[in-house]
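Start from the sequences, fold in the hints, and give me the full structure.
So the protein sequences, as listed, match chains E and C. So the first sequence is numbered by this note's numbering: it starts at 6 and just counts up by one. So the second sequence is numbered by this note's numbering: it starts at 815 and just counts up by one.
I should point out that these hints are in silico values taken from the structure, not numbers from a laboratory.
Computed list of lysine-lysine pairs in DSS-like fashion (alpha-carbon distance at most 25 Å, straight line):
1. C/K859 / E/K398
2. C/K859 / E/K405
3. E/K405 / C/K821
Note that this is a predicted model, so its numbers are computed, not measured.
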Amino acid sequence: MTVVEKILARAAGRDAVKAGDVLEPKVDLAMSHENAALVINQFEAIHEGTGIEARPWDSSRIAIIFDHRIPAESPKTATNHKKIRGFVAKHGISKFHDVRGDVGGICHQILPEYGYVRPGFVVVGTDSHTTSHGALGAFSFGVGATEMASAWTLGYAVNIEVPATIKVVVKGDFAPMVGPKDLILHLIGVLTAQGANFRVLEYHGETIRKMTTSGRLAICNMSVEAGATSGIVPADGETMRYLREEAGVTDAITPVTPDPDAVYERVVEIDVSRLAPQIACPHTVDNVKDIGLVAGKPVQQIVIGSCTNGRLDDLAIAAGILRGKKVAPGTRMLVFPASGKIFGQAMDKGYIQDFMKAGAVVMNSGCGPCLGVHEGALGDDETALSTTNRNFKGRMGNPKSEVYLCSPAVAAASAITGVITDPRHA
Amino acid sequence: MSKVIIKLEADISTDDIYPGRYMATVLPTETPQFCFANRTELNEKLRAGQFPKGSAIVADHNFGCGSSREQAASALKGYELTIVARSMSRIFLQNSINLGLNVVLCPGIEAEEGHDLDIQIDKVTNLTTGKTFETVRLPEARQVIIDAGGLVPYTRKRLMETVR
Numbered sequence: 006m007t008v009v010e011k012i013l014a015r016a017a018g019r020d021a022v023k024a025g026d027v028l029e030p031k032v033d034l035a036m037s038h039e040n041a042a043l044v045i046n047q048f049e050a051i052h053e054g055t056g057i058e059a060r061p062w063d064s065s066r067i068a069i070i071f072d073h074r075i076p077a078e079s080p081k082t083a084t085n086h087k088k089i090r091g092f093v094a095k096h097g098i099s100k101f102h103d104v105r106g107d108v109g110g111i112c113h114q115i116l117p118e119y120g121y122v123r124p125g126f127v128v129v130g131t132d133s134h135t136t137s138h139g140a141l142g143a144f145s146f147g148v149g150a151t152e153m154a155s156a157w158t159l160g161y162a163v164n165i166e167v168p169a170t171i172k173v174v175v176k177g178d179f180a181p182m183v184g185p186k187d188l189i190l191h192l193i194g195v196l197t198a199q200g201a202n203f204r205v206l207e208y209h210g211e212t213i214r215k216m217t218t219s220g221r222l223a224i225c226n227m228s229v230e231a232g233a234t235s236g237i238v239p240a241d242g243e244t245m246r247y248l249r250e251e252a253g254v255t256d257a258i259t260p261v262t263p264d265p266d267a268v269y270e271r272v273v274e275i276d277v278s279r280l281a282p283q284i285a286c287p288h289t290v291d292n293v294k295d296i297g298l299v300a301g302k303p304v305q306q307i308v309i310g311s312c313t314n315g316r317l318d319d320l321a322i323a324a325g326i327l328r329g330k331k332v333a334p335g336t337r338m339l340v341f342p343a344s345g346k347i348f349g350q351a352m353d354k355g356y357i358q359d360f361m362k363a364g365a366v367v368m369n370s371g372c373g374p375c376l377g378v379h380e381g382a383l384g385d386d387e388t389a390l391s392t393t394n395r396n397f398k399g400r401m402g403n404p405k406s407e408v409y410l411c412s413p414a415v416a417a418a419s420a421i422t423g424v425i426t427d428p429r430h431a
Numbered sequence: 815m816s817k818v819i820i821k822l823e824a825d826i827s828t829d830d831i832y833p834g835r836y837m838a839t840v841l842p843t844e845t846p847q848f849c850f851a852n853r854t855e856l857n858e859k860l861r862a863g864q865f866p867k868g869s870a871i872v873a874d875h876n877f878g879c880g881s882s883r884e885q886a887a888s889a890l891k892g893y894e895l896t897i898v899a900r901s902m903s904r905i906f907l908q909n910s911i912n913l914g915l916n917v918v919l920c921p922g923i924e925a926e927e928g929h930d931l932d933i934q935i936d937k938v939t940n941l942t943t944g945k946t947f948e949t950v951r952l953p954e955a956r957q958v959i960i961d962a963g964g965l966v967p968y969t970r971k972r973l974m975e976t977v978r
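This is how it looks when you write it as structure tokens:
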């Protein structure tokens, strides 16, 4: 069995499963953000007229993290926040992260950071980038609000088809200024935006083994951009190190690894040793090009941060490039660390000062600029270069603008010049 | 019979269908007004409402890619449209089934705006061109949710069985 087949077999109480089987796996963790407001509506609708009290199956397995619209940009959002806080208090949901500078942040960073996700878990989240948590060896996938309400009610996901798995084997060492973000952009370009639809991407190879959890999170995060149900890195020594040393997990952890005779739908092999920095051009994430083909393009807004590339190593790379330099006139730069904890660490290491002195605007940890809700909307005919994960038309709030996606190194090098710049030549 | 009122290209994202800035709106009665809000001509066409119930949107591959936001499905459902697409993203397809939006997977579909379609469970016939295209049937596991009228009534039924 593949890793996901093993996880699902365990969660569904079966000895063995194969792709295509229909199961009802127990949910180990159910994550929502502000759209918990809609989940609560549907949860109450399910119970309506049954005479059964609307209580979640297990409040300890629910996580709610405010991140999409924080601090509230409108009375409507503030009222949604208030409603969710009431639900959290009523049902004693302890894995709740409110709008806070210390323990707040983006859901896909908070879950790993606080040790909420473990290898072998089945994780559902009302966010498509829930694929991120495969970085810790969990089967983690995005669902809509009604599907979440159903999971809150029953404690399992109804009628789940075991997805087929594509094995991705990555070898070679990255050149300087090239890294995990360039790999995942390249892979999405190879697979196309729907190439992994209904499938899992299981990552293997020496390059993945040597990669930190931060890099693996970036790769699993964007697996959904190839349509994948989930991305997953089988848990290894690095996973254990992260959970023990960074997430402070002290109880037993049981890694899950694929069988040698696991059945894969196909195998994709990638050698990153000659990979150039990659750019996803408007308006689809699979419109990926080597940086040489787009270098020199003027950009008005640079964005560094998000659940994809807002971790400490991402900020370290960007701060290192920007230190003692200035953001180009005519270009504005926004930095939003993925969590309050990372923000604090970046302050301690002086990265925040580097950004501020260079002229960047450092913002609270949240999703605002990435999805065009608030903060960092683009003007007509403006171009943004961003370390976030989507460049659909209108993604940063204006359908008459363009978004290019890149690594933190490319973003930082380009902030200094005001045009898309290869960090290897900066 | 379904009249094709909108024809769309491949990779229509849920950001296209329902932009992120309207995500604080969650009530199904309120979401339709923001459907295709970034594409003014489509938004206005839907809001004008000059089309019969069951009219169709025909789309190319990977319809509904991107975000899991359920508003994308509820906004379309508000207009009682049928979506015929060559393929759909997993989450959007599931959200549509869960909310009772009528979706049809038809890999070979060829149709233009103004064409009339006869949509059956196993095939779609373009009555204007006379061509017929096979559909991909949904797995039985999905069909039970459709048959129950969506995931809310389906889960309610399962909950009642559990308690009994």
